[in-house]
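Novice: Next come the chains, spelled out residue by residue.
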Amino acid sequence: MEQDPTYFEELIAKYFSGEANADEISALSSWVETDPEHKRVFMESKYSWMASEEIRVAEAANIDLEWEKFQKRAGMVKDHDEFEDRFARDDRDIELTISPSHHLTISRFLMRAAAVLLILALPSFLLFRYLSKPVIKELAANTGRIEALLPDGSTVMLNTGATIKYPETFKGKKRAVNLEGEAYFDVAHNALKPFIISTDGIRVEVKGTSFYINTHSLNGDFELVLTTGKVELYFENQSGQARVLNPGERAVIRGGQIIINANRDANYMAWKTRRIAFSNELLTSVAATLSKVYQADIRLTDPALAQCRLTATFDNQSLESVLNVIKATLDVNIRNSGSLVEISGKGCR
Amino acid sequence: MNPEHGLSKSQFEVLFRNEYKGMLFFAISYVKEEEAAKEIVQEAFINLWEKRESIDPEREVKSYLSASVRNRCLNFLRDNKRFAGTLLSLGGLLPIPSSEEYNQIEFRELSRQVNNAIEELPEKCREVFRLNRFEQMKYQQIADHLQISVKTVETQMSKALAHLRTRIKRN
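Chains E and S supply the protein sequences, listed in that same order. Numbering that gives the first Met the number 0 puts the first sequence at residues 0 to 348. Numbering that gives the first Met the number 0 puts the second sequence at residues 0 to 170.
Because the hints were derived from the structure by calculation, they are not lab data. All clues given are correct.
Here are the simulated DSS-like pairs of lysine-lysine, each with C-alpha atoms no more than 27 Å apart in a straight line: (1) E:164 - E:136; (2) S:50 - E:71; (3) S:50 - E:68; (4) S:61 - E:71; (5) E:291 - E:229; (6) E:192 - S:50; (7) E:172 - E:192; (8) E:170 - S:31; (9) E:68 - S:8; (10) E:68 - S:37; (11) E:173 - S:31; (12) S:31 - E:38; (13) S:31 - E:192; (14) E:172 - S:37; (15) S:50 - E:172; (16) E:38 - S:168; (17) S:50 - E:173; (18) E:170 - S:37; (19) E:170 - S:50; (20) E:170 - S:8; (21) E:229 - S:37; (22) S:61 - E:68; (23) E:172 - S:31; (24) E:68 - S:31; (25) S:158 - E:38; (26) E:38 - S:150; (27) S:37 - E:71; (28) E:192 - S:37.
Every value quoted in this text rests on a predicted model; they were computed, and no experiment measured them.
Input sequences plus hints: build the corresponding full structure.
Specialist: Here's what the structure looks like:
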């Protein structure tokens with residue numbers, strides 16, 4: 000079908016504005032390919048579109064602010080970093096300053112004063128260096144889940160038992176944190192400063208994304224499920240052999256191997272959302288999921304129960320009411336003594 | 000520091016203020032990301048500052064700076080694999096800056112062309128274009144804001160772009 004040429008002019012503008020849908024993009028794409036003249040129009044439109052965007056950004060830049068930023072980073076402004084750098088670099092220069100042969104004109108008194116000052120100053124320099132080392136914060140979810148805001152605006156939800164260590168501010172080229180246990184990260188995008196999670200010789204490198212991570216899952220494996228974005232997973236000192244994870248994929252590290260496949264556990268986020276869905280799920284796996292979500296020890300005492308299957312959805316329910324549902328649907332007995340829950344019965348058939 | 004060679008702080012500030020926007024434009028035309036481009040330009044100036052004592056202020060500074068920005072951009076693109084998938088996958092359409100070295104005159108000239116072209120648009124057309132490009136409003140938001148139909152927004156946007164296309168010349 001022949002379309003009005005202004006239709007495609009409109010599509011081009013829509014496309015660059017991010018307003019075109021998939022059908023329109025593919026229509027535009029074939030229009031561009033059918034005729035070199037169309038391609039020329041498209042290319043010129045693209046050039047002027049981008050030029051206007053790039054000019055706009057450049058002209059809108061606040062030079063005073065950028066100059067201020069530059070001065071701080073270049074150490075032109077007397078701030079802590081410069082102080083520290085100078086001390087670190089110029090240890091030898093300090094000795095030179097008090098060497099008498101270089102200061103023949105200075106009176107004895109002044110020289111002694113300089114020496115005294117130096118001796119007094121040195122420990123405080125050291126103290127200053129010590130104090131200006133990055134302060135490492137440690138956050139442990141001992142009694143329940145906690146959510147924390149990291150210095151770069153990323154958030155992390157720690158499940159009970161998890162611990163995270165991170166610097167008070169992320170200096171340098173990386174955002175490095177250390178994790179033990181189970182957590183969900185929502186990482187702020189910063190392409191120039193990768194976010195790296197380290198745990199037991201394993202590294203997860205992130206470029207603005209959200210994912211679930213468990214450094215010690217029930218069977219002792221490292222486990223990672225990616226929700227959005229992109230992460231790279233590698234062993235310490237082997238970043239050249241990184242494995243890339245796509246959204247919806249689950250990585251497990253077992254026997255020194257990184258295994259990646261599609262995530263089949265619909266409840267991997269249940270400890271955070273408290274929403275659990277079982278669809279014809281084996282009771283053993285139900286018990287494992289509930290144990291994780293409710294931080295309880297749920298056991299099947301009769302082997303026959305392993306074949307029972309459950310289909311049910313729980314939205315923010317207490318463990319007790321979940322257990323009541325199971326009891327009613329599967330005709331089992333449940334004994335709940337605090338943290339230990341025992342499920343018994345004749346089995347299902 | 001030997002004043003015969005290298006740049007003083009005040010000389011450097013003048014250089015920074017004169018060259019910053021041009022360098023930012025240069026970096027954005029490569030990496031297409033404002034924050035990354037700003038970071039790259041800052042790093043290039045820092046690097047230049049650290050080398051200020053060995054640089055001849057009359058001759059090498061600008062070419063050194065533009066080469067530094069360009070290399071950082073290419074590294075960024077390599078590390079972030081941004082060449083593919085940014086726009087329509089119509090092979091080779093990405094306008095990567097072709098000149099080996101950034102040219103300040105090019106930036107000023109292009110800036111002038113773009114601003115003139117926008118000024119020349121009919122008032123309503125310019126308003127729609129401005130809201131979309133500078134205020135980052137979606138078509139629907141513009142339609143609501145100006146009490147016109149989305150279809151009219153589409154027409155005005157394509158008119159504006161067609162005009163820009165005829166007025167902004169590629170070198």
